[in-house]
Amino acid sequence: MLEPTLIQNLETRARVLRRHILTMASNGQMIHIGGSMSIADLMAALFFHFLELEGIARPKDHFILSKGHTVHAFHACLAEFGKVDLNEFSTLYQKGTRLAGHPSLKAPMVEFGTGSLGHGLSVGIGIALAERLNGRGAKTVVLMGDGELQEGSVWEAALCAPRFGLENLLSIVDRNGFQASRAVDDVLPLSPLEEKWRSFRWNTHVIDGHDMGAILDVLAKFPADKGPTVIIANTVKGKGVPALEGMAHSHFTSLEDQHIKEALSMMEVE
0 MLEPTLIQNL ETRARVLRRH ILTMASNGQM IHIGGSMSIA DLMAALFFHF
50 LELEGIARPK DHFILSKGHT VHAFHACLAE FGKVDLNEFS TLYQKGTRLA
100 GHPSLKAPMV EFGTGSLGHG LSVGIGIALA ERLNGRGAKT VVLMGDGELQ
150 EGSVWEAALC APRFGLENLL SIVDRNGFQA SRAVDDVLPL SPLEEKWRSF
200 RWNTHVIDGH DMGAILDVLA KFPADKGPTV IIANTVKGKG VPALEGMAHS
250 HFTSLEDQHI KEALSMMEVE
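Counting from 0, one number per residue, gives the positions in the sequence shown under numbering that gives the first Met the number 0.
Incorrect hints may appear among the rest.
[Said to hold, decoys possible] Beta-carbon label-pair distances, calculated as ranges:
#1 D210 - E87: 40 to 48 Å
#2 K225 - N133: 14 to 22 Å
#3 E261 - F163: 44 to 52 Å
#4 S180 - Q257: 19 to 27 Å
#5 A223 - N133: 17 to 25 Å
#6 A129 - A219: 21 to 29 Å
#7 K225 - M108: 27 to 35 Å
#8 S264 - D224: 24 to 32 Å
#9 N133 - A219: 22 to 30 Å
#10 K105 - R200: 34 to 42 Å
To be clear, the hints were calculated from the coordinates, so they are not data collected in a lab.
Glycine included, each C-beta is placed from N, C-alpha and C at the ideal position.
Throw the hints in and build the complete structure from the sequences for me.
Here it is in structure tokens:
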């Protein structure tokens, strides 16, 4: 049974991550805020509970942010790890910065620079296979978007992973329902998504991606006895910002100061 304190601590972490993301969106800065906010709860659970990312307690795990445009949530995690200073947020997008619009190899903890969608799962398979061949117990996690699943390369990789029996591979789909300009289902419907993954022989789970207890419960089931695992996390694009929640335009936008203040007031951290 999960300790309530753990859930509360990680929920607080998620609020802090969202506050950092809003800081990056201040002063009229346009960022990929919608998807960054929708994955904040998942990122909190992964970075501050599930993954060993520095190889201190055990072999270093691997994290690939395949939906690279949501890098602002990753940058927020780096700040909480003490890997970047909060003042560095002001360098976002600037020449020479470590905090680019997609994961940059200049930044700490980045193993693969993503941006063009559809490649992260293939890279994750290679890493997971190498880890197994090397006899290590490390986990590999790939976080993808639902719009990204329109890339054929994702499904080629999805076919491949069970072939190698990669129990150490976890894929998470941020199912926020939107891509760059409109709803995913208005472009290329994915349903029935759960059945698709099951038919590809993945251990498949569907959860509320904002319910920390549900996130931790499903992560505790990993690894499964056989084959790779996928978590379809139903989320709300722009989560935490009333003016943006469930809106296509939240994909890449700026925020008025009043909307930032309103959202921050809802994310008070004790």
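Practice problem: Against the earlier hints, flag every one the structure doesn't satisfy and list their numbers going up. | Solution: Numbers 1 and 8, in rising order.
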